[in-house]
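*Asks:* Work out the full structure: start from the sequences and follow the hints.
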Amino acid sequence: MEVLTNLQDQFSTAINLLVQGWGLQLLWGIGWTLAVTFVSMLIGAVLGSLVAAAKLSSRGTLKFIGEAYTTVFRGEPELLIIYLFYYGGTQILTGTARSTGAIGATDIINMPSFIGGVLAVGIISGAYQAEVYRGSFLAIMRGELEAARAYGMSAFTRLRLIIVPQVLRLAVPGLGNVWQLTIKDSALISVTGVAELMLSANKAARSTHHSLLFYALAGALYLVMTSISTPIFSKAERYTSRSFVRPK
Amino acid sequence: MSANLDTAMKTATDGKSAIAVKEMRKSFGDHQVLKGISLEAHEGDVISILGSSGSGKSTFLRCINLLEMPDSGEVQVGGELIRMKRGKEGQQMPADIRQVERMRTDLAMVFQSFNLWSHMTVLENLIAAPMHVLKRPRAECVEQAEALLKRVGIWERRNYYPTHMSGGQQQRAAIARALAMNPKVMLFDEPTSALDPELVGEVLRVMRSLAEEGRTMLVVTHEMSFARDVSSRVMFLHKGEVDALGAPKEMFSNPPTPQFKQFISNFSK
Amino acid sequence: MDTDFYLSTIWSVLKALPLTLEIWFFGVLIGLFVACILTWMRASAFKLARIFSQAYVFVFRGSPLLVQIYLIYFGLSQFDFVRNSSILWPVLRDPMYCTILAMAMNTAAYSSEIFRGALRAVPVGPIEAAKAFGMPALTRFRLIILPMALRLALPAYSTEIILMTKATALASVVTIMEMMGVAQKIQHDTFRPIEVLTCAGLIYLALNFSIARLFAMVEYLLSPHLRPPPEQSQQIKPVPEVL
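Protein chains in written order, with the numbering used here: chain A, 2 to 249; chain B, 146 to 414; chain C, 51 to 293.
Treat the hints with caution; some may be incorrect.
Stated by the list, open to error - Computed Cβ-Cβ distance ranges for the label pairs, DEER-style:
{"no.": "1", "chain 1": "C", "residue 1": "ALA187", "chain 2": "B", "residue 2": "LYS230", "range": "15 to 21 Å"}
{"no.": "2", "chain 1": "C", "residue 1": "ALA95", "chain 2": "A", "residue 2": "ARG243", "range": "38 to 44 Å"}
{"no.": "3", "chain 1": "A", "residue 1": "ALA69", "chain 2": "C", "residue 2": "PHE102", "range": "41 to 47 Å"}
{"no.": "4", "chain 1": "B", "residue 1": "THR402", "chain 2": "A", "residue 2": "ARG243", "range": "50 to 56 Å"}
{"no.": "5", "chain 1": "B", "residue 1": "THR308", "chain 2": "A", "residue 2": "GLY136", "range": "24 to 30 Å"}
{"no.": "6", "chain 1": "A", "residue 1": "ARG243", "chain 2": "B", "residue 2": "THR308", "range": "37 to 43 Å"}
{"no.": "7", "chain 1": "A", "residue 1": "ALA69", "chain 2": "C", "residue 2": "ALA187", "range": "47 to 53 Å"}
{"no.": "8", "chain 1": "A", "residue 1": "PRO174", "chain 2": "C", "residue 2": "ALA95", "range": "28 to 34 Å"}
{"no.": "9", "chain 1": "A", "residue 1": "ILE229", "chain 2": "B", "residue 2": "LYS167", "range": "55 to 61 Å"}
{"no.": "10", "chain 1": "C", "residue 1": "TYR147", "chain 2": "A", "residue 2": "PRO232", "range": "34 to 40 Å"}
What the hints assert, rightly or not - In silico DSSO-like cross-links for lysine-lysine, where the CA-CA straight-line distance does not exceed 30 Å:
{"no.": "11", "chain 1": "B", "residue 1": "LYS230", "chain 2": "C", "residue 2": "LYS181"}
{"no.": "12", "chain 1": "B", "residue 1": "LYS230", "chain 2": "C", "residue 2": "LYS97"}
{"no.": "13", "chain 1": "B", "residue 1": "LYS280", "chain 2": "C", "residue 2": "LYS181"}
{"no.": "14", "chain 1": "B", "residue 1": "LYS230", "chain 2": "B", "residue 2": "LYS384"}
{"no.": "15", "chain 1": "B", "residue 1": "LYS180", "chain 2": "B", "residue 2": "LYS161"}
{"no.": "16", "chain 1": "B", "residue 1": "LYS394", "chain 2": "B", "residue 2": "LYS180"}
{"no.": "17", "chain 1": "B", "residue 1": "LYS384", "chain 2": "B", "residue 2": "LYS180"}
{"no.": "18", "chain 1": "B", "residue 1": "LYS233", "chain 2": "C", "residue 2": "LYS97"}
{"no.": "19", "chain 1": "B", "residue 1": "LYS384", "chain 2": "B", "residue 2": "LYS394"}
{"no.": "20", "chain 1": "C", "residue 1": "LYS235", "chain 2": "A", "residue 2": "LYS204"}
Please keep in mind that the hints were generated in silico from the structure rather than gathered at the bench. C-beta atoms are modelled at their ideal positions from N, C-alpha and C, and glycine is treated no differently.
*Replies:* Structure representation (structure tokens):
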């Protein structure tokens, strides 16, 4: 009986805390998390396709650069990359501003935390996306590309009409994984001060001393975000595969 | 047809019963694959089991050592009945898995796709079951394995892995592996069907030598030469039933049923 | 080129390598143990065990490791029964143990899925052959299924273990001075984040590379059946108990 009243108390305390304003904090946190993830995925898409192309090229230097990129940004701790862009960004900005005299010798220009964080996570996401695009490209039937060449399509036309649609179709499952990965990496941006979900949960936990509640809640919210993507990506996969699946 | 069957069964070699199957039935879902098959094999019998695909011959063989569960019917090995019971959904199950495991040691099987254990060398493949199932000492197993490998002609490959050998060599290794268990009966499930034509001969030669030394063998096969020249009896399955059964010379020269006649005419090219 | 600075930074960070390796090693070890239990539960006949295993994997793969660390380190210390327990409290109040525990539980989720895939990938033919020779289930598992599954799991599992080195960096967020923590401190003190973090980055790369080569060697040793055939030898290879 005591256990039940205890649970009830805890439950109502939790609801109170959330209603008092911490709930709103967490919702804003979700918003920022999604913003960071979206922008990072976009950056990653651009970088990833370039790197994939580099790795697939016949030019040795390009291949090497591509390999170096994926090795480094998948192999280094994400935290290190984030610190590098955030604090390193501050270092560069401050350094150039001081040397050009725009600011005083003791002033500092901080790298905006959102930009620094998003660049870092974007570059990391790009490394994983590069592997997805590369794998998808290799899976395209060679015959289709040869036929396109035989019909005199220019490289750009081949890219636009054959390669990109096919790569996107094959890449959807892999991109679903990268999306989930990127959402989880976004939690690390909390070290730079972006008010995403992890930081909001931190603030709430420290202020109210209800660590378990807020961290468990944050965990659950991340679960929702990563798992909602599964049906969305399945739909996307079905949509992009519609020319390949026999109609019922 | 049944008169022929009875005669054939009576004129079978007078010896101890090696395998006796009574009224075996098996369905996969709605499709009835075995519709009451009976067979008695005596020691020294070499029985070729023929039939077109879908006739149930592989299923029949796999039901004997219970790799598939027959829906009904009896199986006796060396006079001992395999005890069965009914499970929760009414399906047949072995009553005592230990009995089944023990009987399987007397029923060595050779598979169409060899099924050698790819992480072990040929020698290790041959001694694994004798050592760990029959609990024989390692030295004895190795000695027997080497002799068997010499017998089937691949002793030089004893430290090779299966992936490094041709199909014919792998199948000969699989036969040696089966022999290492000193089985009472050998079951062959289309042993040459997965082999390139030029490799079929070496495996058939080994099987012929086994038949000549008096081993009891049940062979599901498409190799008519083996069925006609080496086996002591031929069993022809058609649509899940025993259509013809008898000594090969008579069966091939005077096909007892129209279905069997049709069947062998497809092969006489 | 300020070589002195670079060298002293690299040396300072390297001094924290043993701590990083300690976190990595125990995280991997405990994680392996938990993963085996999870895989066994997933294949169990009991529905409850299967559901628990699936839920566990879902939770630990779907949420960030950082949340899991915070949850274990800060969240569990809220409970009176934890603070008063003589077994749990010494473990759960130490950031080092909490990080290792969180990492272990996290990697267990990924690893158990790898193992599950490997077990399902073992070809059914050789298993049937083992049955046909009268091998009881436990012997089949020990001699045939486990060795084959192990070799199938090794590439993916070694990737997972190498990824764990990245996870050790998160320990710095809960005040542990492993390599990332040391690098952060130096970077803060000297205001030269790019140089310091690049040095730390190089060390992490070297670490990953070394571990990767180690696993490549293990894979090589375990797969003679995938390599070209050996020289003819007169010696008989001994049969190990479990291959």
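*Asks:* Among all the numbered hints in the text so far, which are the ones the structure does not match?
*Replies:* none
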